[in-house]
Amino acid sequence: MKSGDFESIRGKIEHALRAGMDKDIGHEYNKDLETRYREDYRPTIPTPWPSINKMIQGGWGPGDLSIVFGNPGGGKSWMMVAIAAHAVKMGHNVIYYTLELGEAYVGKRFDCYFTGYSIDEINNHREEVQRVLEGLKGNLIVKEYAPKTASVSTIKAHIQKCIDTDLRPDLVVIDYVDYLRGPVRKNGERKDEIDDVFIAAKGLAKEYQIPVLTPSQVNRMGAKDSVIEGDKAAGSYDKMMVADICISLSRQKEDKVTGTGRFHIMKNRYGQDGMTYNVKMDTNNGHIEVANEYDGHDIISNEHLTPTAKEISRKFFDLET
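Using the numbering used here, the letters of the sequence shown correspond one by one to residues 2 to 322.
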């Protein structure tokens with residue numbers, strides 16, 4: 002300092018700062034051909050449905066934010082349970098955040114999925130539930146927050162707490178991201194708050210390199226459609242712009258009676274979108290079967306979708322055991 006050689010001092014400080022910086026400049030396209038084509042470049046967690054896995058290159062990938070859209074009471078949360086339970090059965094660790102239903106009730110929904118019994122029946126089959134739990138390969142954590150009391154930072158802190166106890170999640174389900182608290186904005190626009198929360202959820206997935214999955218509501222017009230398209234997202238259409246995979250579950254009044262519905266691939270960064278599939282759905286236990294491709298004319302083909310709930314359950318256990 003006394004010599005007045007400030008340039009030399011600044012150079013030493015900058016060198017010291019650079020020494021602690023991340024040396025990764027990114028994917029060097031010209032040099033990293035092998036990296037791009039490694040089989041594990043995008044390790045995925047499969048859904049319970051092979052036809053959907055085929056469309057999204059194997060399943061949910063690290064850093065993905067995926068949204069399942071549907072009408073109120075249409076079975077979105079049951080779909081979340083089915084996806085999470087399947088991942089646990091395959092040996093993955095899953096954290097399921099619930100901002101709508103209670104922890105214990107969500108836990109019972111998983112009991113129903115694993116055993117095939119309904120919510121009304123499950124209390125009489127605790128011994129069977131215990132046997133199923135003993136055979137699970139993965140771990141499941143169900144964490145409850147009241148709506149608008151938790152933020153993405155709250156979720157991040159809980160994930161880190163789980164990691165510190167040697168339980169690193171392979172999949173995170175947030176039911177719903179819409180119910181998380183966003184940053185306070187001066188203009189108070191609900192749309193801007195929703196956008197901020199979904200962008201933060203995408204950042205969470207990228208930071209921890211895990212798939213994040215959430216359901217979301219459609220607007221009143223979308224609730225009437227036999228196939229729900231992307232323009233029917235409630236709150237903010239921009240949430241679709243942030244997401245990597247968007248799937249809709251459409252179930253009209255007739256579908257709720259017959260146990261049917263339709264999956265529609267609204268957005269897919271990893272392949273073709275616009276495909277629609279007929280599904281058979283048992284909302285007593287969350288068992289969902291993708292039956293065949295929707296042809297756009299008949300709402301549902303009864304010829305393909307005649308199995309009873311117990312038959313669907315048997316198919317699940319035959320495939321997954």
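Hints listed in this document are in silico derivations from the structure and should not be mistaken for laboratory results. Here a beta-carbon is modelled for each residue, glycine too, at the ideal position from N, C-alpha and C. Each hint should be verified, as a subset may be incorrect.
Beta-carbon label-pair distances, calculated as ranges [what the hints assert, rightly or not]: (1) Glu101 / Val185: 34 to 42 angstroms; (2) Glu190 / Gly136: 31 to 39 angstroms; (3) Glu255 / Arg39: 17 to 25 angstroms; (4) Arg127 / Arg37: 47 to 55 angstroms; (5) Val185 / Asn31: 43 to 51 angstroms; (6) Tyr30 / Thr150: 41 to 49 angstroms; (7) Gln210 / Met91: 12 to 20 angstroms; (8) Asn188 / Arg39: 41 to 49 angstroms; (9) Leu102 / Lys162: 15 to 23 angstroms; (10) Arg37 / Lys157: 23 to 31 angstroms; (11) Gly136 / Lys162: 46 to 54 angstroms.
Supplied distance hint 41 to 49 angstroms, evaluated on CB atoms of Tyr30 and Thr150: holds (44 angstroms)
Pairwise beta carbon distance, Gly136 to Lys162, judged against the given window 46 to 54 angstroms: Because 27 angstroms falls outside the window, the suggested range is violated.
Beta-carbon spacing of Glu190 to Gly136 - inside the hinted bounds 31 to 39 angstroms or not: Given a distance of about 49 angstroms, which is not inside 31 to 39 angstroms, the answer is violated.
Distance restraint evaluation - Glu101, Val185, Cβ atoms, bounds 34 to 42 angstroms: Hint violated: Cβ distance 23 angstroms, outside 34 to 42 angstroms.
Distance restraint evaluation - Arg127, Arg37, Cβ atoms, bounds 47 to 55 angstroms: With a Cβ separation near 50 angstroms, Arg127 and Arg37 satisfy 47 to 55 angstroms, so the hint holds.
Cβ distance range 15 to 23 angstroms for Leu102 and Lys162, holds or violated: holds (22 angstroms)
Val185 paired with Asn31, Cβ distance criterion 43 to 51 angstroms: holds (45 angstroms)
Range hint compliance [Cβ, Glu255 to Arg39, 17 to 25 angstroms]: violated (47 angstroms)
Verdict for Gln210, Met91 (Cβ pair) under range 12 to 20 angstroms: holds (18 angstroms)
Verdict for Arg37, Lys157 (Cβ pair) under range 23 to 31 angstroms: Holds: the Cβ-Cβ distance is about 30 angstroms, inside 23 to 31 angstroms.
C-beta pair Asn188, Arg39: status relative to the range 41 to 49 angstroms that was hinted: Once the Cβ atoms are compared, 46 angstroms apart, the range 41 to 49 angstroms for Arg39 and Asn188 holds.
Hint compliance for this structure: hints 1, 2, 3 and 11 are broken, all remaining hints hold.
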